[in-house]
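In order, the protein sequences belong to chains Y and P.
Numbering of the first sequence is given in our numbering, commencing with residue 1 and proceeding in unit increments.
Numbering of the second sequence is given in our numbering, commencing with residue 1 and proceeding in unit increments.
Some clues are possibly wrong.
Stated by the list, open to error - Across the chosen pairs, the derived CB separations fall in these ranges:
1. Y/Ala68 / P/Glu484: 48 to 56 Å
2. Y/Ile411 / P/Arg188: 57 to 65 Å
3. P/Arg461 / Y/Ala272: 54 to 62 Å
4. Y/Ile491 / P/Arg113: 53 to 61 Å
5. Y/Leu274 / P/His173: 57 to 65 Å
6. Y/His531 / P/Arg222: 24 to 32 Å
7. P/Gly456 / Y/Thr125: 53 to 61 Å
Keep in mind the hints are simulated off the structure, nothing from the lab.
Remember, predicted model here, so these are calculated numbers, not experimental data.
Beta carbons: idealized from backbone N, C-alpha and C, even for Gly.
There are 2 protein chains.
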Amino acid sequence: MKSTHYIAEPNILRIVPLGGLGEFGKNMMVYELADTILIVDAGVMFPEEDMPGVDLVIPDISYLLQNAHKVKAILLTHGHEDHIGALPYVLRQINAPVYGARLTLGLVENKLREHDLHHKSTLHTITADSVLHIGPFVLEFVHLCHSIPDAMAVALRTPVGVILHATDFKFDHSPVDGRLTDEEKLRRLGDEGVRLLLSDSTNSEISGFTPSEQELERVLDRLIGQAPGRVILATFASNISRVQQVIDVARLHGRRVGVTGRSMITNTRMAAELGYLTPPPEGLMTPEQMTHLPPEQVVIVCTGSQGEPTSALVRMSQGQYRRLQIGKGDTVIISASPIPGNERMIHRTLDNLFRLGADLFYDELSDVHVSGHGSREDQRRMIELTRPEYLLPIHGEYRQLVLHARLAREIGYDDEHLLVIEDGQVVEVSQEGVLRGEPVTSGRVFVDGLGVGDIGAVVLRDRRHLARDGFLVVIIGLDAATGEVLLEPEILSRGFVYVAEAEPLLEEIKELVWDTLDRYEHAQAISEHLHLALGDFCYRRTRRRPMILPLVFEL
Amino acid sequence: MKSTHYIAEPNILRIVPLGGLGEFGKNMMVYELADTILIVDAGVMFPEEDMPGVDLVIPDISYLLQNAHKVKAILLTHGHEDHIGALPYVLRQINAPVYGARLTLGLVENKLREHDLHHKSTLHTITADSVLHIGPFVLEFVHLCHSIPDAMAVALRTPVGVILHATDFKFDHSPVDGRLTDEEKLRRLGDEGVRLLLSDSTNSEISGFTPSEQELERVLDRLIGQAPGRVILATFASNISRVQQVIDVARLHGRRVGVTGRSMITNTRMAAELGYLTPPPEGLMTPEQMTHLPPEQVVIVCTGSQGEPTSALVRMSQGQYRRLQIGKGDTVIISASPIPGNERMIHRTLDNLFRLGADLFYDELSDVHVSGHGSREDQRRMIELTRPEYLLPIHGEYRQLVLHARLAREIGYDDEHLLVIEDGQVVEVSQEGVLRGEPVTSGRVFVDGLGVGDIGAVVLRDRRHLARDGFLVVIIGLDAATGEVLLEPEILSRGFVYVAEAEPLLEEIKELVWDTLDRYEHAQAISEHLHLALGDFCYRRTRRRPMILPLVFEL
Numbered sequence: 001m002k003s004t005h006y007i008a009e010p011n012i013l014r015i016v017p018l019g020g021l022g023e024f025g026k027n028m029m030v031y032e033l034a035d036t037i038l039i040v041d042a043g044v045m046f047p048e049e050d051m052p053g054v055d056l057v058i059p060d061i062s063y064l065l066q067n068a069h070k071v072k073a074i075l076l077t078h079g080h081e082d083h084i085g086a087l088p089y090v091l092r093q094i095n096a097p098v099y100g101a102r103l104t105l106g107l108v109e110n111k112l113r114e115h116d117l118h119h120k121s122t123l124h125t126i127t128a129d130s131v132l133h134i135g136p137f138v139l140e141f142v143h144l145c146h147s148i149p150d151a152m153a154v155a156l157r158t159p160v161g162v163i164l165h166a167t168d169f170k171f172d173h174s175p176v177d178g179r180l181t182d183e184e185k186l187r188r189l190g191d192e193g194v195r196l197l198l199s200d201s202t203n204s205e206i207s208g209f210t211p212s213e214q215e216l217e218r219v220l221d222r223l224i225g226q227a228p229g230r231v232i233l234a235t236f237a238s239n240i241s242r243v244q245q246v247i248d249v250a251r252l253h254g255r256r257v258g259v260t261g262r263s264m265i266t267n268t269r270m271a272a273e274l275g276y277l278t279p280p281p282e283g284l285m286t287p288e289q290m291t292h293l294p295p296e297q298v299v300i301v302c303t304g305s306q307g308e309p310t311s312a313l314v315r316m317s318q319g320q321y322r323r324l325q326i327g328k329g330d331t332v333i334i335s336a337s338p339i340p341g342n343e344r345m346i347h348r349t350l351d352n353l354f355r356l357g358a359d360l361f362y363d364e365l366s367d368v369h370v371s372g373h374g375s376r377e378d379q380r381r382m383i384e385l386t387r388p389e390y391l392l393p394i395h396g397e398y399r400q401l402v403l404h405a406r407l408a409r410e411i412g413y414d415d416e417h418l419l420v421i422e423d424g425q426v427v428e429v430s431q432e433g434v435l436r437g438e439p440v441t442s443g444r445v446f447v448d449g450l451g452v453g454d455i456g457a458v459v460l461r462d463r464r465h466l467a468r469d470g471f472l473v474v475i476i477g478l479d480a481a482t483g484e485v486l487l488e489p490e491i492l493s494r495g496f497v498y499v500a501e502a503e504p505l506l507e508e509i510k511e512l513v514w515d516t517l518d519r520y521e522h523a524q525a526i527s528e529h530l531h532l533a534l535g536d537f538c539y540r541r542t543r544r545r546p547m548i549l550p551l552v553f554e555l
Numbered sequence: 001m002k003s004t005h006y007i008a009e010p011n012i013l014r015i016v017p018l019g020g021l022g023e024f025g026k027n028m029m030v031y032e033l034a035d036t037i038l039i040v041d042a043g044v045m046f047p048e049e050d051m052p053g054v055d056l057v058i059p060d061i062s063y064l065l066q067n068a069h070k071v072k073a074i075l076l077t078h079g080h081e082d083h084i085g086a087l088p089y090v091l092r093q094i095n096a097p098v099y100g101a102r103l104t105l106g107l108v109e110n111k112l113r114e115h116d117l118h119h120k121s122t123l124h125t126i127t128a129d130s131v132l133h134i135g136p137f138v139l140e141f142v143h144l145c146h147s148i149p150d151a152m153a154v155a156l157r158t159p160v161g162v163i164l165h166a167t168d169f170k171f172d173h174s175p176v177d178g179r180l181t182d183e184e185k186l187r188r189l190g191d192e193g194v195r196l197l198l199s200d201s202t203n204s205e206i207s208g209f210t211p212s213e214q215e216l217e218r219v220l221d222r223l224i225g226q227a228p229g230r231v232i233l234a235t236f237a238s239n240i241s242r243v244q245q246v247i248d249v250a251r252l253h254g255r256r257v258g259v260t261g262r263s264m265i266t267n268t269r270m271a272a273e274l275g276y277l278t279p280p281p282e283g284l285m286t287p288e289q290m291t292h293l294p295p296e297q298v299v300i301v302c303t304g305s306q307g308e309p310t311s312a313l314v315r316m317s318q319g320q321y322r323r324l325q326i327g328k329g330d331t332v333i334i335s336a337s338p339i340p341g342n343e344r345m346i347h348r349t350l351d352n353l354f355r356l357g358a359d360l361f362y363d364e365l366s367d368v369h370v371s372g373h374g375s376r377e378d379q380r381r382m383i384e385l386t387r388p389e390y391l392l393p394i395h396g397e398y399r400q401l402v403l404h405a406r407l408a409r410e411i412g413y414d415d416e417h418l419l420v421i422e423d424g425q426v427v428e429v430s431q432e433g434v435l436r437g438e439p440v441t442s443g444r445v446f447v448d449g450l451g452v453g454d455i456g457a458v459v460l461r462d463r464r465h466l467a468r469d470g471f472l473v474v475i476i477g478l479d480a481a482t483g484e485v486l487l488e489p490e491i492l493s494r495g496f497v498y499v500a501e502a503e504p505l506l507e508e509i510k511e512l513v514w515d516t517l518d519r520y521e522h523a524q525a526i527s528e529h530l531h532l533a534l535g536d537f538c539y540r541r542t543r544r545r546p547m548i549l550p551l552v553f554e555l
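Input sequences plus hints: build the corresponding full structure.
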């Protein structure tokens, strides 16, 4: 194994992206200098349609496991799932100390408790004013505006210069919590000289600045003010600032606020305890406590903005939410934009809510959401404030990284100073310059139930095959000595045809099996021939290709 | 069966929606008066993620089959798949004469040829000036602008008034073929009195008028004019007008035009033969014929705008398209907007094209597409021109129907004159008024390979189950007389765990089977117990629920 280890040169900083570059989610960046490795973020990605049965996707951390003795810290930039969701899986294998802001660690603690890891982990609270010395690194932090409080950039002071890891952010001049992105500190770092900026590429397809949260407040004020009855607002459970806005606006209109949905309840409770959320004087209520209130005094904040099948809003939309029946007079606001891939689930939810008679406001209709990520002008501003020598676009699908680099080219950067790379592609920063190193193992590890990494390409290929065309098992038992048929052909099939109505087809299949038994003698030959012949037959008759599994036993 | 027949009253028009109301695609509307049934459109819907293995979704036409003797005509409003795609399946069961415009029937003929039905069907070409007398109906037609030439509204003159079936349309004052939506004829119908308008709801979430195709021409002119090398443009194969625009613009810039992708080649050839497409003087070329041309003289129009796995553009993006390798210097334009559900496939294609070094222009970045469907102001204009007594929003998911009705309410309609209904909900129009009739059977019929309708809820549930967690088959053979085990437990599993690495788990499963054999005697009891015990065991050990299939044979 020794040979796969990298022998660190003392003055080369290795930057190893293990997630988030080239595909959305599971953000993880590794900084390695001499004998020290720092991990920035450990996020999850939600499975795509071609990963059936998969619950979560986490980064492949083989590289870290090979170098586990070097890992000195895990830094978390903020508390979103795509930055902290893989932490339990990493900690179970590499128990390094975790650093994060108060709210971030509040969310992490809930998560570690669910994985029974909270007693085994070391969490260190930091603020934007903290300075950490970890091995050869000196770390400073910069407050960033994002759709969750306490987001921070990490500035790594190293022998090869200042590396600024800036994600996720926007320049909001009127954020809900009043804390602006610290432009002053960014500019000072720029004055001092930033060697390399890693910057958020999420919205590099969108021109202009991302609107301020303040603009949203005006919209919410109007919608909640005009609503004739109850207002139900769905947003991300981690969007504490959005919940605060709703509380503030509701109060102006003499409405009480209730919360529902498991993660919404957990998060608002924790955020209130830590002082990140100021609940109304009467507290946040439950839907049950609000049943006696007149509808025009009710606002309920809930989960389900992505159409997640078991979320509060989706159950409401299906009339399956005991505590709250939506009907005529209710106003539903979806304050979130669809994560690509969720559109159909969201549309179904909207359709069902309309069927119940509710009045709806959502992304396609009204400005009921603003992104937490900066658009092209925010990205430009980050570059102009920090004036880095090199730019490495992070946090984006490949086209977003390319478009971020294209923006920098407009500003005057040449291709040599723009590092568009993907997960696994190592970058080495030395005094002399920046080079691409040997790629390391990276990729997706699937979490399915209790299994982490046991489901791979083979099982997924089988699942997709079974999903498309089902299977056909043929069982035959032969006398080992005489070849006589002891167990007559039995057919077992699911997902291929509707068995109850496919008798004639199954009879033909049996005949084909008998033909084969007449023509071949040995189990192996019978099995091989059946595999081909049944595959052919099924395709010819149905244009489907079920998984064919002949089992010939010799008894 | 007689009892399920509807006994027609001579002066009641029944409107029976069999597709397209409440979900996108598979448009089909049935008009029934006394002994005559007219079908307007017979479209397909493309399968959603939860319909694995399904190729197409067509309307359930049980109602038509019960009343087949009444069906006198199938009218096609235009040649898009969501209006004509189900025609072969309908004709195979109800061989009624088909009426449509020339281009529409051109597309239909190709389709019927593929299904070997072209010699058995009767096609009648009509124009916007045709007047048809079919049973008690007198039919007139109105030219509409849409993203395909030859789209028409159908005006049905009936004893209960004029019914205007208007889909798909927009009011484009500078369409590519110069033929405007016939506002004059619509207005005349309005003057005369329209009893009921059925109108396109697709874009009722979008305010304003849909931009003219002319605006797109300016964008294409700029992009193609500035492109340093080849231009590859992907759009829908049916979007003949878009292809014409590209031909016209390419010519201005001294470029030749090639086409590729099976359906693009077929459609452009047919459209050119029928005179709907004016090819450049040198003709439309193949990519092979263009290899000798300098890149700045090349434009290629191809399929793949939705990221369809086997389309030309997707194969190019994967470097698997022999005839054309995309690289640096190439400009790729995706001139289409994503059909909801296709976003991720499109994004992957874009990412891969960027990886090859191409420069890209697509929906999220630039205005390289305009919709063929009118937005809210177009919808308003249709209502204002025709001034119907009743409005029945068609062609939309449920929320779009509701929003269309909401627009009419703004104009001054009351709820009694707005008919927001879904597939299967019959509307009966008489002299006195409009009533809701008894719902009829409607829904989705799945086409999977050669099977039409044989795949239903059970098979799809099995497929989804297999996709999520795979299966586990246990086979045991017992001596029928003594109960002795003749065939020792065999386990067959796919999609559940990676069998090659799950030996210990499979061994435990076998032990559990042996335990069961010790405790139970009869095949039935063994089988039932195994089903429960293995389900429990698998869930406990993996948190997965594979399909458990115990097979206990008595030999």
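Status of each hint after checking the structure:
1. Range check, Y/Ala68 to P/Glu484: Cβ separation about 54 Å, and the 48 to 56 Å hint holds.
2. Checked against the given bound of 57 to 65 Å, the beta carbons of Y/Ile411 and P/Arg188, roughly 59 Å apart, stay inside it.
3. Restraint check, P/Arg461 to Y/Ala272: a C-beta distance of roughly 43 Å breaks the suggested window 54 to 62 Å.
4. One distance hint, 53 to 61 Å for the beta-carbon pair Y/Ile491 and P/Arg113, is violated here, with the actual separation near 37 Å.
5. Hint check: Y/Leu274 to P/His173, Cβ distance near 59 Å, so the stated range 57 to 65 Å holds.
6. In this structure the hint that Y/His531 and P/Arg222 lie 24 to 32 Å apart at CB is violated, the actual value being about 57 Å.
7. Distance hint check: the CB atoms of P/Gly456 and Y/Thr125 are about 56 Å apart, consistent with the given range 53 to 61 Å.
Hints 3, 4, 6 from the list above are not met by this structure, while the remaining hints are.
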